[in-house]
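One letter stands for each residue in the lines below.
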Amino acid sequence: MFNTYNPLNNSMFRIMDNFGKIINTDYFPDLLDEEILKAYHDMLFARTADLMTVSYQRQGRIYTYPPNYGQEAIAGAAGKIIQDDDWLVPAFREMGAYLAKGATLKEIFLVFMGYEDGSKFEYAKNMLPTSVPIASQLLHAVGIGYEIKLRKKNQAVFTFVGDGGTSEGDFHEALNFAGVWKVPVIFIVQNNQYGISTPFRVQTASDGIAIKSIAYGIKGIQVDGNDFFAMFAALKNASQYAKSGNGPVLIEAVTYRKGPHTTSDDPTKYRTKEEETEWDEKDPLKRLKAFLNDKKLIDEKAEEILIEQYIAEIDRQFSEAENYPKYPLNDVFDYLYDEMPEDLKEQKREHEKFLKWKENLKM
Amino acid sequence: MKIMNMVNAINDALDIKLKEDESVIVYGEDVGVEGGVFRVTEGLQLKYGAERVFDSPLAESGIVGTAVGMAVAGLRPVVEMQFCGFVYPAMNQIISHASRMHNRSRGRFKTPMVIRFPYGGGINALEHHSESMEALYGHIPGVKVVIPSTPHDAKGLLISAIESNDTVIFMEPKRIYRAIKQEVSEEKFSIPLGKAHIVSQGTDVTVIAYGAMVREVQKAAVMAKNEGISVEIIDLRSIYPIDKETIKESVKKTGRVITVTESPRSFGVASEITQIVNEEVFLYLEAPPKRVTSFDTIVPLPKGEHHYMVSPEKIFYEIERTVKY
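Residue numbers (our numbering), protein chains in the order written: chain A, 15 to 377; chain B, 33 to 357.
The hints are simulated quantities; they were obtained by calculation from the structure and are not laboratory data. Since the structure is predicted, the reported quantities are computational estimates derived from the model, not experimental observations. Heads up, a few of these hints could be off.
Stated by the list, open to error - Straight line, CA to CA, 20 angstroms or less: simulated EDC-like cross-link-like pairs of lysine to aspartate or glutamate: (1) 52/A to 318/A; (2) 134/A to 352/A; (3) 370/A to 53/B; (4) 346/B to 373/A.
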């Protein structure tokens, strides 16, 4: 696959067209109908959760949130490929992958409500917390890959970054290290066309991101990121390739951020309605649903009921997060060091003294 | 005169300098088309064109490093880092080049550039969006560090920063970006770097602050006044060069000093001021110099931030203890 779709040949890997028709049977993944339906439902759940999170934010019940809307096929496919033992080193816009790894919505909500506790993701094996400093996480993925290689484990690392992140030095350093060390790391670049307001053409003069793999001596492939089957097949191939000791793979998933960068952003300032409409045609859920529809696997009534169940479940987890206990003072201090230095203990005691004084303050 | 908030005032300063000096260039992430995530540079690209006001690729080291090159070549770049917490990839360029080119080339090459960014907590932000790391920059030989506390000061200080032939780190207290409005002259004016400002005269204790903390000190001073304590408030305006004279003269008068910062306590600006006072006016002191700062911890996410942020009550608490010492 990586030779056929060599980025130098400038061809994007696709399996399904915009209408759900299979246009590339050679690579159509070996999936049962119910597995495809399940993948579609997982993406539907992630989208429902994402849209509801935006509305919770609009109601003032959580703080700033970066929506995933429009990019669900990438994390959805990754969620199917990443095994329990594999590592997931996230950026911050691939919710479906966190959920597949075992993160709960409640934890995700807690983060955006302003509790560090959410970032523990205690049920998600081998998953790091999200990383806001752009592209910095990619190097951690390479370090984890080194451990896997050193100890000859049968694991791979899946790490995410956006198109904006490919401009950072850390992106290039990570690809270079990964190439030199030949570590089992799969770099997934979600090229959603914008870094906040900055369009892709302002990030790089290069024709796509996948082509950058060539200079680092690693495999790369440009994939239609809104095509679930193409993402699934590319990730599966990459995972096998990496786990067989061949080294890293760079996957450029071409997609579109249908929502804002975060809920603080207003995309009408920098992009047109026409462009948004054009990408609506390529919506990942719409396409997978069209495929399933052709196979008579979609039951609209059942889907409506399912969405209602999703909404109830999301609301339940949200209200659990909303009823989370108050943030104690200790939580500010307790997680900085293995053993808290004396000076820090004193700072806490001093503050507690002030709080006592404040209780008696009559102003 | 025109009513401005700090965002308007900074925009106005950039506008004036772009207009009168063709060597001024403004760029950074999202500063062009969108006008910056806080809209500080809004409208400037339309007015001065995409060659002088533009979006850069997402790379802080790239932004500051290219600014060093532009400055050496005779331009006056004013670059924006999106948040204080995102400057770190550029630290190598700041520490290794922007601050050293002048010294390294024995004065042949200067780096007249401004690195602007919003800093500080209290806005319910995600991780990395609430830092107050001025002490890091104060520690770098060869750069100036400026922090305004009002729209008027922001305009006058930024104009001076752009006109300075040195590299200036210009930190903007985003918590009060829009919270304080005041009349600001639409004309060009400048406020000298390295000079503190006495916000209000007092006799019992000197309280030194800058940025968003000045307003918190003013609230604390009202509480103190109700208890019969007279507070002299100094707004530092420049972290470096630091205005020792104003600090010394004030402490000579009051005999007591408290420094308020929202940054971590250790190795910070408050510690520096304490030592200046100790070295220079020790014999005038009636009480130990004090620091009211945040803890030596990571800024908590919003639900824990109230524990961390310095409050007027905490400043008043220290004022009372210092005066009663």
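- Message: Need the status of pair residue 346/B, residue 373/A: alpha-carbon distance at most 20 angstroms?
- Response: holds, 12 angstroms
- Item | Restraint check for residue 370/A with residue 53/B, where alpha carbons must lie at most 20 angstroms apart | violated, 56 angstroms
- Message: Hinted pair, alpha-carbon criterion (20 angstroms max): residue 134/A, residue 352/A. Please report holds or violated.
- Response: holds, 16 angstroms
- Does the alpha-carbon distance linking residue 52/A and residue 318/A stay inside the 20 angstroms limit? holds, 15 angstroms
The earlier numbered hint that this structure contradicts is number 3, and it is the only one.
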